[in-house]
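Okay, here's what each chain looks like letter by letter:
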Amino acid sequence: KNQVEQSPQSLIILEGKNCTLQCNYTVSPFSNLRWYKQDTGRGPVSLTIMTFSENTKSNGRYTATLDADTKQSSLHITASQLSDSASYICVVSAQTSYDKVIFGPGTSLSVIP
Amino acid sequence: DGGITQSPKYLFRKEGQNVTLSCEQNLNHDAMYWYRQDPGQGLRLIYYSQIVNDFQKGDIAEGYSVSREKKESFPLTVTSAQKNPTAFYLCASSINRASTDTQYFGPGTRLTVL
Chain A
1 KNQVEQSPQS LIILEGKNCT LQCNYTVSPF SNLRWYKQDT GRGPVSLTIM
51 TFSENTKSNG RYTATLDADT KQSSLHITAS QLSDSASYIC VVSAQTSYDK
101 VIFGPGTSLS VIP
Chain B
1001 DGGITQSPKY LFRKEGQNVT LSCEQNLNHD AMYWYRQDPG QGLRLIYYSQ
1051 IVNDFQKGDI AEGYSVSREK KESFPLTVTS AQKNPTAFYL CASSINRAST
1101 DTQYFGPGTR LTVL
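Protein chains in written order, with the numbering used here: chain A, 1 to 113; chain B, 1001 to 1114.
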């Protein structure tokens, strides 16, 4: 069964600190993995996308890693800001007869002063 | 202001009523999608459309209907047959259906059944 799991479910960190969010998946055959940021009450916005051959991808203070062998990904946020408070969603696509997209439940991040 | 818009932002419905959620995009995208988001769960696909006058059921289409008469518009009707319609509904669009194409999301509509 194609599944995407994320941990932790929620996280609170102090402004300026770093944090790492985890994503484990069982999606097969793997096509790509994307991280989205969703502000409260808004639609998700894409941060990064990685295909099978890519190990890391950065977008400003956000760095995503992918280990296709262990089927794990992480999103590292450096020097967190209050505006980083949001839900971060891991999305994995399967390359079938049509592209199947599976959304994880998200990690809720709160950055406090 | 280019992008994808949804209206209304908040919607209240009495049991037994049908309601229609609006989704419009000016990105010239061929593919459009409707998702439902519930607390603690990932987004679930309701319907998608790859081209005008064509649409396909997603994972949870029961109790919902859509139309795609124009490229820019993809309205979703929540019918009285949907047993648990209270949720946050997100519309998205992408250049085409390929998963490598970025999906751009609207701001969402929060539907509450009274």
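Fair warning: there could be bad hints in the mix.
Just a few of them, taken from the derived set where beta-carbon distance is under 10 Å, the chain B residues facing chain A [to be verified]:
1. Ile1060
2. Ala1061
3. Gly1063
4. Ala1081
5. Asn1084
6. Phe1088
7. Leu1090
Pairs of lysine to aspartate or glutamate residues, derived as EDC-like cross-links and limited to a Cα-Cα distance of at most 16 Å, are as follows [claimed, not checked]:
8. B/Lys1083 - B/Glu1015
9. A/Lys17 - A/Asp69
10. B/Lys1009 - A/Asp39
11. A/Lys100 - B/Asp1101
12. B/Lys1070 - B/Glu1015
13. A/Lys100 - B/Asp1059
14. A/Lys71 - A/Glu54
15. B/Lys1071 - B/Asp1030
16. B/Lys1071 - B/Asp1054
17. B/Lys1070 - B/Asp1059
18. A/Lys1 - B/Asp1059
19. B/Lys1009 - B/Asp1030
Simulated from the structure, these hints should not be mistaken for lab results. From the three backbone atoms N, C-alpha and C, an ideal C-beta is built for every residue, glycine too.
For each hint, the structure was consulted:
{"no.": "1", "hint": "Ile1060", "verdict": "13 Å, violated"}
{"no.": "2", "hint": "Ala1061", "verdict": "15 Å, violated"}
{"no.": "3", "hint": "Gly1063", "verdict": "20 Å, violated"}
{"no.": "4", "hint": "Ala1081", "verdict": "25 Å, violated"}
{"no.": "5", "hint": "Asn1084", "verdict": "18 Å, violated"}
{"no.": "6", "hint": "Phe1088", "verdict": "8 Å, holds"}
{"no.": "7", "hint": "Leu1090", "verdict": "5 Å, holds"}
{"no.": "8", "hint": "B/Lys1083 - B/Glu1015", "verdict": "9 Å, holds"}
{"no.": "9", "hint": "A/Lys17 - A/Asp69", "verdict": "30 Å, violated"}
{"no.": "10", "hint": "B/Lys1009 - A/Asp39", "verdict": "15 Å, holds"}
{"no.": "11", "hint": "A/Lys100 - B/Asp1101", "verdict": "13 Å, holds"}
{"no.": "12", "hint": "B/Lys1070 - B/Glu1015", "verdict": "30 Å, violated"}
{"no.": "13", "hint": "A/Lys100 - B/Asp1059", "verdict": "10 Å, holds"}
{"no.": "14", "hint": "A/Lys71 - A/Glu54", "verdict": "13 Å, holds"}
{"no.": "15", "hint": "B/Lys1071 - B/Asp1030", "verdict": "7 Å, holds"}
{"no.": "16", "hint": "B/Lys1071 - B/Asp1054", "verdict": "10 Å, holds"}
{"no.": "17", "hint": "B/Lys1070 - B/Asp1059", "verdict": "24 Å, violated"}
{"no.": "18", "hint": "A/Lys1 - B/Asp1059", "verdict": "14 Å, holds"}
{"no.": "19", "hint": "B/Lys1009 - B/Asp1030", "verdict": "24 Å, violated"}
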